[in-house]
Amino acid sequence: MSVCIIINGILYMLMRLTYLFIVLTFPLLVFSGGISSPASTTNHYKNEPILPIPLTISLDARKVKLGERLFNDPQLSHNNLLACSNCHQLLLGGDDGLARSITNQGKPDLINAPTVFNSVYNFRQTWRGAFRTLELQAEADLKNPRHGATTWDELLPKLIANVYYKKTFHSIYPEGITRKTVLNAIATFEKSLITPNSRFDQYLRGDESAITNDEKKGYLYFKQYGCIACHQGVNVGGNLFQKFGLFADYFSVRGNIKKADYGRFNVTGEEKDRFVFRVPSLRNVGVTAPYLHDGSLDSLRKTIEFMAIYQLGTTLPDEHVIKLELFLNTLTGEYKGQSLFMKEALR
Amino acid sequence: MTSKVKSILIIVGILCSISAIYFVIINSNFQKNHNEILYDLQNLKNLDNKLDKDILLIRTGTIRHYDYLDNGFIEIEKSLNKLNVLFVNDSIKSTNIKKLQSRLSEKIKSKEAMVNTLKSNIGVLHNSFMYYSNESHRLSTHFHMLDSEQLSNELKWIISTELPLFNTLIINLLSNPTSSDKTSFSRRIQFFNSKINNVKEEIFNKKLRILILHLEVIFERNYLVDAALNEISNNSLIEVIDKIQLDYLNLFEENQKKISSYQNLIYILSLILVFYCLKLLWKQLSTLREMKEIAVHLGYQKQALDEHAIVSITDENGIISEVNKHFCETFGIKRKDIIGQNHHLIKSNYHTNGFYKDIWETITTGKVWRGEIKDKNNDGELVWLDQTIVPFLDAKDVIYQYVSIGTDITSRKKIEQDIEFQAYHDALTELPNRRLLMDRLEQMSSLCQLHNHFGGLLFIDLDRFKTINDSLGHKIGDKLLIHVSERLSSCIGIEGTVARLGGDEFVVLLPEVNDDINSVTLELQNKADEIIRKIREPYLIEDHVLYTSASIGITLFPDTTQSSDCLKNADIALYKAKDAGRDCFKFFDASMQEAAEVRLLLENDLRDALLKNEFKMFFQPQYDCENTLIGAELLLRWEHHEKGLISPQMFIPIAEETGIIIKIGTWVMEHGFKKIKYWNDHYPEPSTLKRIAINVSPMQFMQTDFINVVIRLLKETEVDPLRVELEITEGMLFVNIDETIEKIKQLQSLGLSFSIDDFGTGYSSLSYLNRMPIEKLKIDQSFVRDLHLNNNNETIVQTIIFMAKNLGMNVIAEGVETKEELDALNAMGCNNYQGYYFNRPMSEDDFEKLLNID
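If you read the sequences in order, they're chains A and B.
The first sequence lines up with residues 1 to 347 when you count with this note's numbering.
The second sequence lines up with residues 1 to 854 when you count with this note's numbering.
I should point out that these hints are in silico values taken from the structure, not numbers from a laboratory.
Every value quoted in this text rests on a predicted model; they were computed, and no experiment measured them.
Idealized CB from N, CA, C, for every residue including glycine.
Among the hints, a few may not be true.
[Stated by the list, open to error] Going by beta-carbon spacing under 10 Å, a handful of chain B positions derived as facing chain A:
1) Ile63
2) Ala113
3) Leu213
Isolated chain A (complex conformation) (with noise of 0.2 Å):
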């Protein structure tokens, strides 16, 4: 009993003591180091509007490779017939070639399939933007009735049964297979798709000689024709939202509009959504034919003189056009080293 009352005493004597140095030593915290915001990234590039890809990226390698493993593995649909990979290729660009990716039914999809490389950088995934993070992306994907059909459900079971996931997931996470930690793998892995050193980089970077005058040309013209004004950061795009068809309607040109036509607006339900997409990344634009979110364009010209006359209102005369596919083209980065390309036979 006495014991318990000295103990009793301490712990009262203590309790005092901690308050009065939390007291004391609060508006210290506060008012350092401790409380202020973080250091803004310093650019070492050429003043552009467009920012060079980082060399490399810090990721856990364990769950790059489990991601990779996932990302490849049809098992993630109901009908283990489709994977992330059937529309994401990385040996194609990061997409599928296709202007629309084939769905779990066979059928041609909806909207064309972005690449899935550089997607860490753009500040929305998917073309209407629906998605913050590659997670929700991700799982989202799995679930799309097109897509992986699949229910967290029946997918986890599936992956416990496998003994290399059971065994990498276990040694990764303590909590082994569960909802977050596959989407966190997924998108580790995809964190990891990054295309760093194109030429263009490399130019960013102070290589004067990276690219050619031409290609110099046509990003001076890029700029001068304000395509700048929506392509620019890392992506060169992919961090805001535009209306598609600022000075003509496409649309009604095209016709046949379908619901994924709307685009935002079916993220957002507001009526200045209707039409507005996500400006897309122009990274590797050169290898990631066909263009446009219903990809009914297959060669890049075609669409750098549909952007003219959709975006700017205007005809670009055909040397800018050359000159701008030629600058567009040294956006093609590496990945692992390799230099994308696009498939032949879709060209």
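Given the structure of chain A, go ahead and fit chain B onto it with the hints provided.
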């Protein structure tokens, strides 16, 4: 203070301690949380600030990409989520704060939407701005390259004035949005537009129209950008964050107050408990001190106890767990040898099992046992202990140990025994003294009275002892007395008591001698004879050969009520003996004295009776059921020359005692055989007459030369052995079974036949009877008497007959006196009889007549 209150206090104390620990933990968490919340709120503000800054930088064109903006939102969202978690951790339930939180989330969302709108608008704005500035420049360059003469004035004006003007206007519009005259910009566009219609050059017209389109976009989007910025600035997050902070701090302060009041309460309670504990501790300490003192005192007491007493401690089963030094010394046992054993190791055989059972029953019921126990030590010496055994009970009233404390009282006991012995014994001879004698006499009297027996008291006085004493001295006299006492003791054995009354007077007490006064008299007489003989033998004392004799006065008890009278009577008898010339005994009772004298006379006369031919043979005829004479039993009569006919009951015991019976037996056999031979030769005996039965006394039968005597007599008399039957008694058969059987068989081989007399009265072992080569059983007359009226006798007789028939023996009933008895016996299957119903025993001559008749 009751234990209930104490336990409540202890529980309160423990609860206080737990709650104190709880509060410390909670408080530190709380403080940590509080810290983090404040940090997070500040961080939110900073992030918002930075976002605003970035927006401004983008608006002003300092930053030409949007990469950071979204990061700002991500970080804000993270920070907000963290804040939510912290609030949940802090269990803040203020609805106000929750409302503010959701308002903040909404604000962030709407800000994000605004920023997205802003971004697209700035994008479009910049796009058009860049297009305009480049295209207008390109157009003017193109214009200057052409021949100015061919161009319209309107175009010239537009190129030279309007396009540069718009450049200025745009810069004004973008750089100074508030002060710019928007309406004038709009009007200017309309004016520009109207001018273009006049431009005839188609290429320029088309390009200028596109430029106007872009100007309109610039105007429109600039307005939208300004509006969005305005909206963003009007919807500052900081305001809400500050409100949350304020609300939270208020709440925190309230909580702090609550906590500190709880803390104070616990502190006060703790203080009270500390004081209480100190009090308890003080009390404990003083108790401890007292206990120490007590322990010291107890130590002294233990030391003293160990010095004085023999202490052993056992468990509940009596297994010794501890003994003190004194114990080991007393019993000569090492401590290690006795521990784990029980008290059997030191148990003597002195006490009965019941004694130990009593002890055990007492102490197992939780009672203290006190008493004296005789134990033995390791050398087998007996040790008397005055013992106290105390059982100890535990809290559940179950005995868990016994402590036994004892003192060695062996020497005291010895002294006590000595004193007791001396009190009851004569110091010189160690024989019981008068006191003990009187005790025993009293006991024996009552015993004899109870059993209806008689005992004898012999008062012995040495003759002329005074002379020895006087002449040879007291020392020799005392030694003689000791010798005498030893001889007396050896005579009497352990049954009786030899006591010395003092001087040369001894008393011998013989207990429960017999129930028959005659037998008692006889036995006492014999005993007295033996004593007199023994005393008469010479004594060798210190080179002197001494002779003495004893005079004895005998009395029986209980013949008078007062036992002291008994001794007095014996004394009187003793004087009679002295008067009769010493070295003899006298009975106090006159009739007894007379009987004794008669006996003596008879004994003397018995020796002469054979010589004087005073014995006469009588015959008791035996019949079968058809009243045919089948034999007779030879009976002896003594016709005393003075006293007439003396019954065999009188003289046979004397004859047996004196051994004359053997001579008498031989005489009977000789004369019996002769008579049988004579009748056999001279009388036409009926064929039915088979044998004449002659009684053989046990003593005669047991003589080693009995067979030889019989053989000699058979030869001398030349009697036919087939005519002779020897009657023996039951008792004789079982003295020495094998030898007896052998003797009977030898005699049977000569043709003699055997029957058992008085069958049923002795202690016949029926299991041996079948081994006996006996031809006939004689059912004792006591069973035959009123046989038909007595079921018990009837059963016995029936059994005897049944058994005899099974063993192939004949049966004859003696003492048949009535017709009823005869009929009953006949009905049972007994076919031979003798008794007064047929004839009284008859003389030789009368029996001869009977033979003649037949």
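Quick rundown of the hints versus the structure:
1. Ile63: holds, 8 Å
2. Ala113: holds, 8 Å
3. Leu213: holds, 5 Å
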